[in-house]
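The sequence shown finishes on residue 74 if you use the numbering used here, and the numbering steps up by one all the way, no holes.
Each hint should be verified, as a subset may be incorrect.
Here are the computed distance ranges between Cβ atoms for each label pair [claimed, not checked]:
| # | residue 1 | residue 2 | range |
| --- | --- | --- | --- |
| 1 | N42 | P21 | 19 to 25 Å |
| 2 | A62 | Q25 | 17 to 23 Å |
| 3 | D59 | M11 | 19 to 25 Å |
| 4 | A62 | E24 | 16 to 22 Å |
| 5 | L41 | L63 | 25 to 31 Å |
| 6 | T57 | E24 | 17 to 23 Å |
| 7 | V46 | I22 | 27 to 33 Å |
| 8 | D58 | A34 | 29 to 35 Å |
| 9 | E35 | A14 | 19 to 25 Å |
By construction, these hints were calculated from the structure, which means they are not laboratory data. Cβ coordinates follow ideal geometry from the N, Cα and C atoms, glycine included.
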Amino acid sequence: MTTASNDVVQPIHEQAVPVILMTAEQVDPWLNGSSVEYALAIQKPITDDALALGRQRAFSLRAV
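Please put together the full structure from these sequences, using the hints given.
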């Protein structure tokens, strides 16, 4: 599942990026066969403060 780039990723990759599920409340329904409506509701960019760009242009997740 993909979504639009957030402000951290956009300068490197303007198009779709993978959706990153950050909480158990998001992951559990996804793994256990939730509805299409649920999948569409969580299909959004990760928050800018949850993703960091390293020196070698590698991304890392931050605890939020």
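Structure-based check of all given hints:
no. : hint                     : in the structure
1   : N42 with P21: 19 to 25 Å : 36 Å, violated
2   : A62 with Q25: 17 to 23 Å : 21 Å, holds
3   : D59 with M11: 19 to 25 Å : 22 Å, holds
4   : A62 with E24: 16 to 22 Å : 19 Å, holds
5   : L41 with L63: 25 to 31 Å : 28 Å, holds
6   : T57 with E24: 17 to 23 Å : 18 Å, holds
7   : V46 with I22: 27 to 33 Å : 30 Å, holds
8   : D58 with A34: 29 to 35 Å : 22 Å, violated
9   : E35 with A14: 19 to 25 Å : 22 Å, holds
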